[in-house]
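*Asks:* Here's the letter readout for the chains.
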Amino acid sequence: MTTRWFGERVERREDDRLLRGAGRFTDDFNEDALEACFVRSPYAHARILSIDARRARELPGVHAVYTAGDLPFGDRDLPLLIPHPALTNGRTQRCLAADTVRYAGEAVAFVVADNRYLAEDAADLVDVEYEPLPPVWPLEAAAEDPANTAAELTQQTGDVEGALEQAAHRRKLRFRYERGAAAPLEARATWARWDAADKRLTMYDSTQSPTSIRGGLAVLFGLPESSVEVIAPDVGGGFGPKIMLFYPDELLTPFAAMQLGRPVKWTEDRREHFTAVNHERAQVHDVEVGYDAQGRVVALDVDFVHDAGAYTPYGIILPIITAAQIPGPYRVPNYRVRFRDVLTNATPTSPYRGAGRPHACFVMERTLDAIARDLDLTRDEVRRRNLIQPDEFPYEVGVGWQDGNRAVYDSGNFPGLLEKALANLGPRPAGHHIGLGLGMYVEGTGVGPYEGAHVQVLVSGKVVASTAIPTQGQAHGTVFAQVVADQLGVSPDDVTITTGDTRRFQWGVGTFASRAAVVAGNAMAVAAGMVAEKAKRIAAEHLEVDPADLELAQGAVRVKGSPQKAMPLALLAVLSNPVRYAFGGGTEAATQFTPKPRAGPPLPAGEQPGLEATGYFSPTGSTWASGCHAAWVRVDPNTFRLQILRYVVVHDCGRVINPTVLEGQIQGGVAQGIGGAFYERLAYDADAQLRNASFMEFLMPYATEIPDVVIDHQETPSPLNPLGVKGAGEAGVIPVGAVIASAIEEALGVPITEMPLSPLRLFELTHAGSAGGAQT
Amino acid sequence: MRVNGIASPLPEDPRTLLSDHLRHQLRLTGTHVGCEHGVCGCCTVLLDGKPVRSCLLLAVQAADHDVTTIEGLAPDTAALHPIQQAFHEAHALQCGFCTPGFVLAVKGLLDEHPDPTDEQIQEGISGNLCRCTGYANIRKAVRLAAAAR
Amino acid sequence: MKPAPFEYHAPTSVDEAVRLLGMLEDAKVLAGGQSLVPLLNFRLARPAHVVDINGIPALDRIYERDGGVAVQALVRQSDAQRSELLQKLCPLVPEALKHVAHQVIRNRGTVVGSIAHADPAAELPAVILALQGSVRALGPGGTRDIPAESFFMGVLESALAPDELAVEVWFPAFTGPHGLREESRRHGDYAMAGVVRAGDRLALFGVAPTPVTADPNEPTRDLQPSADLEATPGFRKHLITAMTRELFAA
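Protein sequences appear in the order of chains X, C and F.
If you're matching positions, the first sequence starts at 1 in this note's numbering and goes up one per residue.
If you're matching positions, the second sequence starts at 1 in this note's numbering and goes up one per residue.
If you're matching positions, the third sequence starts at 1 in this note's numbering and goes up one per residue.
Hints listed in this document are in silico derivations from the structure and should not be mistaken for laboratory results.
What you are looking at is a predicted structure, and each value in this text was computed from that prediction instead of being measured.
Don't take each hint at face value.
Claimed, not checked - Some but not every residue of chain C turned toward chain X, in silico, with C-beta under 10 angstroms:
no., residue
1, Asp20
2, His24
3, Val33
4, Ile70
5, Glu71
6, Gln85
7, Gly96
8, Gln122
9, Cys132
10, Arg139
11, Lys140
For glycine and all other residues, C-beta sits at the position ideal for the given N, C-alpha and C.
If we strip away everything but chain X, and leave its shape as in the complex, we get (with noise of 0.2 angstroms):
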């Protein structure tokens, strides 16, 4: 296999359209739909007494105001994605409210009008009765009462007790962290269209999953799958959160279109998004750690509790991987980890990039750093003591992962990882009140299942190739076809890659933990070498010589060290069709090509016309991704801004398709990373009504606040699937919480135990005792 497109910087393929400003996200389809608006929840939690829609129904250009009464699957819980025999207690809502509500945001009435408009009118016209209940929050309380914890898991490896017994040094941290959110700048949409001819649905979705949704919508409505189209057109970030099946709207959208007869779409606006969808990483983390005289780690004892929100409809995943995650690159010989996944009054939680681990790491990475300060040793040799070394891959780490099997690191150099970070990040600046930050992290990505691809060549010799997973920037229209055009030996130019439409391509996961490089990217070079075999078989029937003596390069097969001895892809696609029918691109050369006497049928059993095949690829493991970051922090110390003087970071995803888009995945979640550590939160109050829904006080980091990442590779591929790629989609974002916290400590020499910090915490951290707390 020629490896030529692989590991370029080839420029992205998906830019013109967007430049234009004619990229197709779902709010763009229109054909005169009708636009939807929720009736959300003002309480965190209330019994819901009477809902009264008369006024709302009454109004001029109003279509439609849906209660859960109104429903056919309105006493329905809306599913439990990732069950698990320790959810003893999960809980999932249903698609509006009937008699209770959980969260201030939840939904409780869906109102169809000529525009959004006058569907925010008529919004205003329900009259929903509550009786507010006490809420369950925050966190901690709601730990307290056993009655909220949804589920509960403890797991262990050596043997904990007697190695904290016998170890040189023990300490005891507690660590919190607080909810974050993805906050993608397209918030949520839904379009969907009913042909009642043709009993056909069809719905543009902003989803990270639209195979599943589709799934969802055929039983739903008793529908075959085939009658069913879901498509996600260009979205804008996803980060996580789109990927939580089923939102209310992908329901309700296509119920009204079904209803109405007419196309229905529901475009979430930015206030609502802040609560309608999931959050995450709220986690509290009380450890044990003993470690010996050199500062190894002997023995790690961590209890935590998550804050799962109001719902479980992700199941308890995101303690899972913290779990995992939390030992990270170090040798951590005895581990025992206990959680509980605890409900809330709040917005439910789900994957947000990082996912479980931008906490676990935060954990870890403290608690080394507290070692270093009880020893007296610098940060960058305490974890150099502790660190797995190269020779011990595959490495267990004794817990289980969220896919049901044992945690184990495929590969990796994590010392390799540590000195080039170091080596990038140069001196310590002039200056005062300027801290080291470092933190390191492991992320285990490209989980399964499976994913699939098709490739097909055009009797044009063009490709076009197609996955189910979609797309939020990544990029997947350049690194597949990277792929594609490698195995086919055609340049990236000439394939066309189509992700998440359902028309397309039908079975499959989706975009969500690291895992489309990995899962669909090794599923494109499957299908595209079953396509190059394939012309390879059809070349050698009409060259007459051995299909192992061909290979593809130029857009054509041809004979290995006779280039001149070729046929282009074009002529082979049509010559993979019995019948030749089609006109202009290679089928008038193959009219020169008769087809060859044979004996049996024009179609060999076993063969399919066209060239074009479909393949899947399935991991055995996830691969194990991994690197180090690196800061040089100032904190002004009267006013606590932060500088960031230099960030470095050493990234080990495998081997690397393209550079220049694995740089801009890097530089984007070290990004997100700043914004969740110094400059964003949800801000709660004790009713559990969040108090900061507008980006003027959820404080997402402008260009002004975000300095240039150094960004450096290291290549360890990965053993699990034939490209040696991992994931990297999420790493920028993990550690970052990790660093400034380390950074800001030494800066001003206090501890730093949580996350995210501000100016204020800053300030009342280092004029402890000064009156007045933060309100909320």
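Since the structure of chain X is provided, determine the placement of chains C and F on it from the hints.
*Replies:* Chains C and F in isolation, oriented as in the chain X frame:
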């Protein structure tokens, strides 16, 4: 109102935001809506040549004014505008949702400062949010676009 | 997030605007709209009438009068920022404008609107207070000049009567030592706290229901700032002290 040089109707309902009018009545969906309170910058268009938030303008206020949307920047389908080209070359976009707003904000910046300092670049793009790129490549794209002028 | 219905009026003269304001119940003046329209979109403001003054001709001048500079109601912040007259006679104003939101907002937002909106965390109200400028209001009874000291009444509350239109603001010429410091979470955000210096005069913003003047030697005396998500009273006072020291040392 002239939109991309073409006389265009005004909405009947005066409360219609310019962003909605462009997107849903005129079907110019390249103008994106990310927050509807003037913070994210996705809806930036040029009003009489200057970048403004179209979610903070009533469409009726654009009567007798020139509105340029992203669709009007490079009418030639063969070539991108130099700013768009620079964004492409610098990998300054990922999902592309914020991109039209950034491109038009940069148009305003470079019209005023053809050879901007780093500080002017920061100021010029500091009113637009991007959640994907982390801004480094956007800064790079502005420098590239300035150099290409 | 769409505005609730309202009746839209587009007067073509200040007299017509004032007549409308006197006639209409529950009307809001729309100038730059950078503060009002977000409130409309959130439906936090639901006026029955919106009086859009943008169509009034000859209301966008910056001119010299009475030993200072007058800025009319439709002067955009970005134009004021570039004004040579302001740079020459009142350099504090363009300097302060650099801190007001972002360029794209300043292209539409007006100087007068920002002052009339009376947001206690905004820069321009503190600037006009520090400079001892005034606001010229036109009402049914004619024109009156309201000194900055008596213009700001409370949070988003000014001395303008419902039937009055702020037609211009006036800044006295001042080229002595001056400056503005503020701490905001992000570049362009409203300040957690800010200080403005005009000679020996000090005005504070973000720390009281209105901008307030203070003694540069004791800037936090009698100050009782409120708490919000980003700052406590203690932190606000801490910032005021630190920034005042820096500003007067400069």
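*Asks:* Any hints this thing doesn't respect? Which numbers, in order?
*Replies:* Violated hints: none at all, because every hint is consistent with the structure.
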